[in-house]
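**Student:** In order, the protein sequence lines correspond to chains A and B. Each residue of the first sequence is one higher than the one before, starting from 106 at the first, in my numbering. Each residue of the second sequence is one higher than the one before, starting from 62 at the first, in my numbering.
Some hints could be false.
What the hints assert, rightly or not - FRET-style restraints, in silico, Cβ to Cβ:
(1) B:Val378 to A:His256: 44 to 54 Å
(2) B:Gly229 to A:Leu272: 23 to 33 Å
(3) A:Gly199 to B:Asp274: 21 to 31 Å
(4) B:Gly229 to A:Ser279: 52 to 62 Å
(5) A:Gly199 to B:Val346: 34 to 44 Å
(6) A:Arg280 to B:His96: 45 to 55 Å
(7) A:Val215 to B:Val346: 41 to 51 Å
(8) B:His96 to A:Gly190: 39 to 49 Å
(9) B:Glu241 to A:Asn208: 20 to 30 Å
As the list claims (entries may be wrong) - Dumping the calculated BS3-like pairs for lysine-lysine here, alpha-carbon to alpha-carbon at most 25 Å:
(10) B:Lys358 to A:Lys247
(11) B:Lys92 to B:Lys197
(12) B:Lys92 to B:Lys121
(13) B:Lys358 to A:Lys281
(14) B:Lys121 to A:Lys195
To be verified - Calculated from the model, a selection of chain B residues having no Cβ within reach of chain A, i.e. all distances over 10 Å:
(15) Gly64
(16) Ile85
(17) Leu101
(18) Gln114
(19) Glu126
(20) Leu185
(21) Leu188
(22) Met189
(23) Ser275
(24) Gly287
(25) Gly314
It should be emphasised that the hints constitute simulated quantities derived from the structure, not laboratory data. Just so it is clear, CB atoms sit at the ideal spot from N, CA and C, and this is done for glycine as well.
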Amino acid sequence: MSLAAPTHGFLSPTGVEIAFLLVGLVTFGAALVSVTTRQLVHAALWLVVTLGGLAVEYLLLTAEFIAWVQVLIYVGSVVVLLLFGLMLTKAPIGRSPDADSGNRWAALTVAVAAAAALVWVVVDAFRATWIDLDGAAAGSTKVTGESLFQHWVLPFEALSVLLLAALVGAIVLSRKAKADAAGPEVPGARDGQAAAERAEGAR
Amino acid sequence: MNGVLDVALRLLVVFVVFLTFPLIVGQTEHKVMAHMQGRLGPMYAGGFHGWAQLIADGVKFAQKEDVVPNGADRRIFQLAPAVALLPYLLVLLAIPIGPGEGAVGQVLDAGVFFVLAVMAVGVLGSLMAGWASANKFSLLGGLRTAAQLLAYELPMLLAAASVAMAAGTVSLPGILDAFEWWWLPWQIVGAIVFFVAGLAELQRPPFDMPVADSEIIFGAYTEYTGLRFALFLLAEYAGIIVLCGLTTVLFLGGWHGPWGADGLGWVWTLLKTAILAFVVIWLRVTYPRLREDQLQKFSWTLLVPLSLAQIALTGIVKVVIQ
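Isolated chain B (complex conformation) (with noise of 0.2 Å):
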């Protein structure tokens, strides 16, 4: 019985993580992106500061039509938002935010390995609405979106890798256990490829060329309505979360800290997480789009030579200190 409770209770706080969370992320991209641009953002809904702004603007979402348009492919159409969102919320199971078992929903054995799979079926879910919209703009979105994603996986999976060297295993707990300050220094290139190339794959400004609303309207997701339209809102949030959660976990040593190690961990990993949750919403607010051209070329002669590179450099300074 203890056991069932346990396992229930897990998923309840990753639950509850995975609908929150995304939000917080959402309402701070209101607020820093109006403060960078000299606007004060959203001010009126629930009084300080406009705190309710997502939760009105969730209540406006679900009171829409849910339209299917007549042309689509209706079951694949209907199906795609869940495709695309529920990979993050098993990515999320996955993600230790403190030392020993009690942090982290679900020890896996290769759980580096379960993270990048379950994301990467993610994007799927924007193929299938490209595809199943029955729209020029949608199939161009998801065209680029399939290209974008099989650009940035491989430096993705490579800066991934070097880690999994330097720790010697592939499991998240256990790249955390391994895990020493100097680190920081010898992976930091890995750590910025792993970090853009997330950022491509989640289709975030400045890689936003799959969503580019002044040339394609809204790429894939132009056909969608209502809480479909939310869902896949839903899902570019979680997985900036689930972006960040992992560069900490895996680059910049999670529960570790300058002090307060005991008891605090997850208030480290909850702070570097949210920290460069603030990087990714300044990118954003910072640089412009990258051309489809650019974005192919800045992936295979920039970031893949670059991760081929840490690996290179971790092999070296492993088999130095052996």
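Just chain A, same shape as in the assembly (with noise of 0.2 Å):
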């Protein structure tokens, strides 16, 4: 897997790697989009043509599992959820004028020292490290299972309880903010749930 390359070079490159650069340009290009559009609305959509661009570079990277859960995960759901939240607003039709933040240079400063961190690693890392792509998938399910629950187990249960922590977190405080909304206003109230139907009743 891992040859020293006398036979890759960069001034021949294939088919696959020619497309997975457009498709990084693509990718990167509507991130750019989507963090200076002043449509809030447009921001949240290219973001989501960010994200499929990102899958469709794990696919052409042979990682067809993590391809569909980046789909699922991310488009899917944290999309849906940024939809949610952004239809809760008033967020109008065309642009905002509000729509920026007098911290973008330091923003920008983050942005770009994230990314140089991130390129030097992965660069130095896996410099001479090639992918046989006309071989058995690198990262089918069966592979990426087996890489994950035999080597990475440790980190993969680390991050588990880190979520369980959050989730935990989240219903506590969900439910005190409703403990005390419906405390004072509804005395004879059995409970926040009660109160809570109640009022969606009255609705």
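Put the two chains together into one complex, using the hints given.
**Tutor:** Quick look at the structure:
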């Protein structure tokens, strides 16, 4: 797998490499538009293009499982959640005059620094690694699952504990807010749930 | 050359299925609903029992003016029907209707993930339509669509994961190859959860709060006319095909049947899909619409725990029989 590269040159790219580069450019462009556009919902929709483009890049690297999970989680759920949140605000059709931040230069600095660090790490780590696109898929579900649950099971478990903590925290916060809101207004209510239901029915 | 021809032929077949099957389901819905309500339904178009009614409807839609409201976000408004419809075409590519590689548009290594991921993208079309219409009813419809998707995506995924655990693979043909008849009682809870959550994701009655016509006119699609409106309708019926096909493949054994498995597998798939589509129509005629809070409660307090219990059961049985 990791051959030093006498047979791989940058001057005679294969079709897959060209496609990878073009999709990468589209993804990068969509990402730029999504942070610079003044139209909030357009930004969310450009984010769909960006995340979808990333999924295509994964596919081109034969990581099929990761690609579909990317679409499922990010495009299917995170963006839907974003749009749901935007619809609850007064996001207008057309430009939002206040969709700008005084922190833009600080944000740009952080973004460039993060990108530079990531690119440096990835280039340094995988400089001489080549994926054999013609052989068995290196990123199939089977391979991904085996490496995840054999070699990387500890980080995986640590992450799931982190997520569980976040989940429990979210539930606690939402219940606390509800109890606070319902407590003084409806003294006779047995709990926050009943009060919330009554409020729902009254509406 | 042969390979190119093969691919072209597969794409053509999937495309024809995509264009005709939703119409067949739509026509069946006209007739079944009518007879369940003591009516006859369409009787004139085409002569024999109004078989050409939906073709006439299509011609009608094509003639209508394509209106974009003044205040709307023009490009997103026009793009939304395509975003709603195309994912279902892609999903059809991955559904196997018979044994072997010849009976599926494209064998995918992670087929279950592919179909669920792409189906979830279709909902973006409704959200785009709801926001871009510049209409408060559309916006309410879009909000309800998003809330419904977020609530029902989880039980659907968990139910599908249960089958994938049972089969030990996430490839759709692989799941069918591993299928045994006793999976039917074993996975029945998951099957019901999957089907119900899928109905909710398609916004079919009794989960049609996002398009509740007596409250918010037609939800996200209120401002649409002509062909674009027809495309949204087509997406709904294509969604029925996809959901019934997926339930068949994942839970009902697809091309497996009590007899005639050789060569007749595709008949079993189509038969099971058709019966499920009939159930979808039946539910529409039978049940009143769930209220928004009932919808959310139904998913979070019933479907999610049931699907988790199904996963636990699948895991236990899987460990025991190994």
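**Student:** All the hints need checking, so say for each whether the structure fits it.
**Tutor:** Hints, verified against the model:
1. One distance hint, 44 to 54 Å for the beta-carbon pair B:Val378 and A:His256, is violated here, with the actual separation near 28 Å.
2. At about 28 Å, the beta-carbon gap between B:Gly229 and A:Leu272 stays in the expected band of 23 to 33 Å.
3. Taking 21 to 31 Å as the suggested C-beta distance range, the pair A:Gly199 and B:Asp274 conforms, at roughly 29 Å.
4. Checked against the given bound of 52 to 62 Å, the beta carbons of B:Gly229 and A:Ser279, roughly 37 Å apart, lie outside it.
5. In this structure, A:Gly199 and B:Val346 meet the distance hint of 34 to 44 Å, their C-beta atoms being roughly 43 Å apart.
6. Here the CB-CB span from A:Arg280 to B:His96 is close to 49 Å, well matched to the stated 45 to 55 Å.
7. Between A:Val215 and B:Val346 the beta carbon distance is about 57 Å. The supplied range of 41 to 51 Å is therefore violated.
8. A hinted range of 39 to 49 Å for the beta carbons of B:His96 and A:Gly190 is consistent with their spacing of about 45 Å.
9. With their beta carbons about 59 Å apart, B:Glu241 and A:Asn208 fall outside the hinted range of 20 to 30 Å.
10. A C-alpha spacing of about 36 Å is found between B:Lys358 and A:Lys247, which places the hinted pair above 25 Å, so the restraint is violated.
11. Proximity of B:Lys92 to B:Lys197 is assessed by CA-CA distance (about 34 Å); at most 25 Å being required, the pair is judged violated.
12. For the given pair, B:Lys92 sits about 20 Å from B:Lys121 by alpha-carbon distance, which is consistent with the 25 Å threshold.
13. A threshold of 25 Å between alpha carbons decides the hint, and for B:Lys358 with A:Lys281 the separation of about 19 Å falls inside it, so the pair holds.
14. For a cut-off of 25 Å, the pair hint linking B:Lys121 to A:Lys195 is broken: about 37 Å separates their Cα positions.
15. The claim that B:Gly64 lies off the interface holds: its Cβ sits roughly 16 Å from the closest Cβ of chain A, which is beyond the 10 Å cut-off.
16. With a least CB separation of 28 Å from chain A, B:Ile85 remains clear of the 10 Å interface cut-off, as annotated.
17. Look at B:Leu101: its CB is around 40 Å from the nearest CB on chain A, clear of 10 Å, so calling it non-interface holds up.
18. B:Gln114, annotated as away from the interface, keeps every beta carbon of chain A farther than 10 Å; the closest lies near 35 Å.
19. With a least CB separation of 22 Å from chain A, B:Glu126 remains clear of the 10 Å interface cut-off, as annotated.
20. Not every CB of chain A lies more than 10 Å from the CB of B:Leu185, the least distance being 7 Å, so the non-interface label is violated.
21. For B:Leu188, the non-interface assignment is contradicted: its Cβ lies about 5 Å from the closest Cβ of chain A, within the 10 Å cut-off.
22. At the 10 Å boundary, the C-beta of B:Met189 falls inside the reach of chain A, the nearest C-beta of that chain being 7 Å off.
23. Against the 10 Å criterion, B:Ser275 stays outside the reach of chain A, whose nearest CB is about 16 Å from its own CB.
24. Consistency note on B:Gly287: stated as away from chain A, and its beta-carbon is indeed over 10 Å from all of that chain's, at 22 Å minimum.
25. Against the 10 Å criterion, B:Gly314 stays outside the reach of chain A, whose nearest CB is about 22 Å from its own CB.
The structure fails to meet hints 1, 4, 7, 9, 10, 11, 14, 20, 21, 22 from the earlier list, while all remaining hints are met.
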